[in-house]
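Trainee: Sequence:
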Amino acid sequence: MNKNPHLAYTSIVPEIKGKSSIRRVIILLHGYGSNMKDLASLSEYIEDDGNLYVSINAPIKLVDFGAQSFAWFEIGAIEDMEQRKYSVQKSTELILNTINHIINVFNTDSTPIVLAGFSQGGMMAMNIALTSDQKFDGVAALSSRLITTPSNKMNNLNFFISHGTKDNVIDISEGHNTRDLLEKYGHNVKYQEYDMGHEISADCLTDFTIWLKSIN
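Letter by letter, the sequence shown follows residues 1 to 216 of the numbering used here.
Treat the hints as calculated values from the structure; they're not laboratory data. Some clues are possibly wrong.
[Said to hold, decoys possible] Straight line, CA to CA, 27 Å or less: simulated BS3-like cross-link-like pairs of lysine-lysine:
1) K166 - K184
2) K37 - K90
3) K61 - K184
4) K213 - K85
5) K166 - K135
6) K90 - K166
7) K135 - K3
8) K85 - K61
9) K213 - K37
10) K37 - K184
[What the hints assert, rightly or not] Computed beta-carbon distance windows for the label pairs:
11) N97 - I12: 33 to 39 Å
12) T149 - V169: 20 to 26 Å
13) T131 - N188: 14 to 20 Å
Bear in mind that the values here come from a model prediction, so they are computed numbers and not experimental data. Note that the Cβ used here is the ideal one computed from N, Cα and C, for glycine as well.
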């Protein structure tokens, strides 16, 4: 039995001669009710060469949402703090196991890692960056919110936070709160707002790419 099980994932390897030439690893975490294929397509729109994109599949299967719908934690668990805490911790452990697996498979132990997520995936990305010992060169949370209160233990992380002014799933106020709390605890935050709903726009991807290049 594998003591460190990892999650399913799909990878997009840059067109280079050797694995050692991978310049950056970008880990993608999808939103609630989606799957690993959803964010994998973003690699086509990010104009930044040499990136290894790895989109990870969440562990919880949502039966009522369709065959390919998954979650990092049940939305209902938000009302049950103990259950939510357990689900978040379990998913965090599995994501970190998967990242370690990816590092071993692609021989990228000294390669910068950026953790990015949409909606619930963004919640997990920020939670992992703020609570684990894994080093990340950058963290992006798109149309998301904090589920972890930052602490003084970890600061000076690079964050890209984006939100739509017309988001009717996670209100824009959550984006403001996320930005303000991260800045309060000493993190480097690039915050962007867009005239959009609960989504990732072309302008958002352009700004995300600019931010990626800025944290080299």
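Trainee: Could one say that the CB atoms of N97 and I12 fall in the range 33 to 39 Å?
Mentor: Distance hint for N97, I12 is violated at roughly 21 Å.
Trainee: Verify the proposed pairing of K213 with K37, using a straight-line Cα cut of 27 Å.
Mentor: holds, 24 Å
Trainee: For the pair we were handed, K37 and K90, check the Cα-Cα distance against 27 Å.
Mentor: holds, 22 Å
Trainee: Hint check: K85 vs K61, CA-CA at most 27 Å. Holds or violated?
Mentor: holds, 18 Å
Trainee: Sort out whether K85 lies within 27 Å of K213, counting only the CA atoms.
Mentor: violated, 34 Å
Trainee: May I ask you to test the hint 20 to 26 Å on the CB atoms belonging to T149 and V169?
Mentor: Given about 22 Å between the Cβ atoms, the range holds.
Trainee: Verify the proposed pairing of K61 with K184, using a straight-line Cα cut of 27 Å.
Mentor: Distance ~36 Å between K61 and K184 Cα, so the pair is violated.
Trainee: Could you tell me whether the CB distance from T131 to N188 stays inside 14 to 20 Å?
Mentor: The hint (14 to 20 Å, Cβ to Cβ) holds, given that T131 and N188 are roughly 18 Å apart.
Trainee: Does K184 lie within 27 Å of K37 when you go C-alpha to C-alpha?
Mentor: violated, 35 Å
Trainee: Within 27 Å, alpha carbon to alpha carbon, are K166 and K184?
Mentor: At roughly 26 Å apart (the allowed maximum being 27 Å), K184 and K166 satisfy the hint.
Trainee: Hint check: K90 vs K166, CA-CA at most 27 Å. Holds or violated?
Mentor: Since the Cα atoms of K90 and K166 sit roughly 32 Å apart, the hinted pair is violated (cutoff 27 Å).
Trainee: Taken at face value, is the distance from the CA of K3 to the CA of K135 at most 27 Å?
Mentor: Roughly 22 Å between the alpha carbons, so the hint for K135 and K3 holds.
In this structure, the earlier hints numbered 3, 4, 5, 6, 10 and 11 are contradicted, and the remaining ones agree with it.
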